Amino acid sequence: MNLGKVIGTVVATRKESSMDGLKFLLVQHLDHERKPTGSQVVAADAVGAGPGEMVLVATGSSARQTAATDKRPCDAVIMAIVDSWSVDGVTKYCKSDD
Amino acid sequence: MNLGKVIGTVVATRKESSMDGLKFLLVQHLDHERKPTGSQVVAADAVGAGPGEMVLVATGSSARQTAATDKRPCDAVIMAIVDSWSVDGVTKYCKSDD
Amino acid sequence: MNLGKVIGTVVATRKESSMDGLKFLLVQHLDHERKPTGSQVVAADAVGAGPGEMVLVATGSSARQTAATDKRPCDAVIMAIVDSWSVDGVTKYCKSDD
Amino acid sequence: MNLGKVIGTVVATRKESSMDGLKFLLVQHLDHERKPTGSQVVAADAVGAGPGEMVLVATGSSARQTAATDKRPCDAVIMAIVDSWSVDGVTKYCKSDD
Amino acid sequence: MNLGKVIGTVVATRKESSMDGLKFLLVQHLDHERKPTGSQVVAADAVGAGPGEMVLVATGSSARQTAATDKRPCDAVIMAIVDSWSVDGVTKYCKSDD
Chain W
139 MNLGKVIGTV
149 VATRKESSMD
159 GLKFLLVQHL
169 DHERKPTGSQ
179 VVAADAVGAG
189 PGEMVLVATG
199 SSARQTAATD
209 KRPCDAVIMA
219 IVDSWSVDGV
229 TKYCKSDD
Chain P
139 MNLGKVIGTV
149 VATRKESSMD
159 GLKFLLVQHL
169 DHERKPTGSQ
179 VVAADAVGAG
189 PGEMVLVATG
199 SSARQTAATD
209 KRPCDAVIMA
219 IVDSWSVDGV
229 TKYCKSDD
Chain H
139 MNLGKVIGTV
149 VATRKESSMD
159 GLKFLLVQHL
169 DHERKPTGSQ
179 VVAADAVGAG
189 PGEMVLVATG
199 SSARQTAATD
209 KRPCDAVIMA
219 IVDSWSVDGV
229 TKYCKSDD
Chain U
139 MNLGKVIGTV
149 VATRKESSMD
159 GLKFLLVQHL
169 DHERKPTGSQ
179 VVAADAVGAG
189 PGEMVLVATG
199 SSARQTAATD
209 KRPCDAVIMA
219 IVDSWSVDGV
229 TKYCKSDD
Chain E
139 MNLGKVIGTV
149 VATRKESSMD
159 GLKFLLVQHL
169 DHERKPTGSQ
179 VVAADAVGAG
189 PGEMVLVATG
199 SSARQTAATD
209 KRPCDAVIMA
219 IVDSWSVDGV
229 TKYCKSDD
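Chains as they are written, first to last, in my numbering: chain W, 139 to 236; chain P, 139 to 236; chain H, 139 to 236; chain U, 139 to 236; chain E, 139 to 236.
No lab work stands behind these hints: they were computed from the structure.
Model, not experiment: these values are computed from the prediction.
Be aware that one or more of the hints could be misleading.
The list cannot tell twin chains apart, which means a pair is met if one copy fits it or any two copies do.
As the list claims (entries may be wrong) - Pairs of lysine to any residue, SDA-like flavour, derived with a Cα cap of 20 angstroms: (1) K230 - H167; (2) K143 - R172; (3) K143 - D236; (4) K230 - D169; (5) K230 - T147; (6) K209 - S155; (7) K143 - K233; (8) K161 - I219; (9) K161 - V228; (10) K209 - R152; (11) K209 - V225.
Could you build all of it, start to finish, from the sequences and the hints given here?
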């Protein structure tokens with residue numbers, strides 16, 4: 139999985155019908171120091187993530203292992219909202235501090 | 139999924155017979171600011187996308203989860219046409235403005 | 139899929155027995171302007187491609203969706219020979235001009 | 139698989155329910171000389187790895203081939219703890235020297 | 139598949155039990171000119187490859203399409219030992235010359 143931050147939303151009315159009802163969020167990838175890596179992904183939301191939240195994104199066939207995305211042409215899913223992470227014992231992000 | 143813009147078409151008459159009837163479109167990847175990332179992909183079209191349209195492309199095994207691409211040697215599919223997207227509440231693209 | 143040009147061949151007699159009979163071609167990835175991207179791949183040939191030809195390569199599990207590669211440890215397949223492609227209405231490659 | 143070093147942990151209470159009980163570790167990718175490559179991944183732990191340990195990470199659908207991750211939206215798993223590695227006969231890492 | 143050279147071995151006694159008996163080799167990726175690309179992978183060995191040999195590595199789910207790796211958390215496998223390769227008719231590598 140990759141760490142990321144929800145920075146936006148994508149609207150698409152004309153799409154594969156199996157994608158109806160899925161919310162597409164724009165996620166900026168972050169490194170372990172919380173800096174943007176320069177890449178981003180559009181992920182389906184399986185956990186009710188919102189703008190500004192730190193999330194985990196699973197990609198590839200693993201992105202279809204949720205009730206919301208099963209058997210759909212979806213290659214990226216937000217499957218967790220991050221509360222905190224730490225590196226070498228130092229907290230790099232803590233949601234309650236936001 | 140990745141954001142992209144349809145910039146061209148690819149014609150291939152000699153191909154795996156299961157690919158007959160699929161339309162191959164050349165898609166330039168865009169970042170969230172609408173700038174080309176420098177990479178591109180040839181994607182099968184599952185939604186009737188046309189030149190200049192902003193689209194979402196799903197790759198890998200997820201690209202085979204449409205009626206058009208099921209069980210075919212296809213690793214990229216356009217599965218949505220983008221109407222608009224926004225970052226931090228600011229609209230970065232809106233189709234009706236085109 | 140990615141655009142590429144067949145630039146060479148790879149010979150390997152000692153291999154997984156299921157790979158017997160498959161032809162391995164060296165493919166240089168090209169961008170939409172026909173310039174090498176700097177990466178390459180060794181792909182199994184499912185369509186009878188030859189040296190110098192422009193091709194489409196499918197990767198990952200999609201590379202196994204041909205009769206030649208089914209259930210084999212093959213992660214890249216040439217599944218089409220390109221006749222032509224165009225960008226913004228301008229022909230960037232046409233086989234008959236070669 | 140990729141060589142990596144466990145550098146941190148990620149806590150996420152709101153997640154796909156199938157992910158309950160999985161431990162998320164932050165893994166920094168290393169090259170064969172033991173230098174960070176600049177990328178990292180959040181991997182589920184299938185072998186009881188701890189901070190500072192050198193590990194192998196499997197990604198994609200292969201990350202779901204463990205009892206802990208089967209059928210879950212998990213695209214990276216630590217499936218081995220590295221004891222040592224050598225390049226051209228020279229030991230580059232040996233756990234017992236740590 | 140990617141061209142690579144076996145440059146080392148990785149030892150891991152604590153691992154997913156299904157990986158028991160598999161040999162992990164460190165493979166340096168090479169381009170078509172035989173120059174290292176700067177990336178490497180740890181691959182399971184399905185063909186009895188040894189140090190210094192040029193090999194082909196298959197990744198992703200295709201890495202599990204061998205008897206040795208089936209249903210295992212393995213995302214890279216050496217599935218062929220390269221005898222030779224040529225580019226534009228010029229031999230770039232020939233094992234018997236080593």
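Comparing the hints with the structure gives:
1. Proximity of K230 to H167 under the C-alpha cut-off of 20 angstroms is found in both arrangements, the shortest distances being 15 angstroms within a copy and 19 angstroms between copies.
2. In this assembly of identical chains, K143 and R172 lie within 20 angstroms of each other by CA distance both inside one copy and across copies; the values are 9 angstroms within and 18 angstroms between.
3. Taking identical chains as interchangeable, the C-alpha atoms of K143 and D236 lie at most 20 angstroms apart only when both belong to the same chain, with a minimum of 13 angstroms there against 28 angstroms between chains.
4. With identical chains, the CA atoms of K230 and D169 are at most 20 angstroms apart within one copy only, with a shortest distance of 10 angstroms there and 24 angstroms across copies.
5. Taking the shortest Cα distances, K230 and T147 sit within 20 angstroms of each other only across copies (10 angstroms), while inside one copy they are farther apart (25 angstroms).
6. With identical chains, the CA atoms of K209 and S155 are at most 20 angstroms apart both within one copy (12 angstroms) and between copies (19 angstroms).
7. Within a single copy, K143 and K233 get their C-alpha atoms as close as 12 angstroms, which meets the 20 angstroms cut-off; across copies the closest is 25 angstroms, which misses it.
8. Within a single copy, K161 and I219 get their C-alpha atoms as close as 15 angstroms, and across copies as close as 14 angstroms, so both meet the 20 angstroms cut-off.
9. Taking the shortest Cα distances, K161 and V228 sit within 20 angstroms of each other only across copies (18 angstroms), while inside one copy they are farther apart (34 angstroms).
10. Within a single copy, K209 and R152 get their C-alpha atoms as close as 19 angstroms, which meets the 20 angstroms cut-off; across copies the closest is 23 angstroms, which misses it.
11. With identical chains, the CA atoms of K209 and V225 are never at most 20 angstroms apart, being 36 angstroms at best within one copy and 29 angstroms at best between copies.
This entry does not satisfy hint 11, going by the numbered hints stated previously; all others are met.
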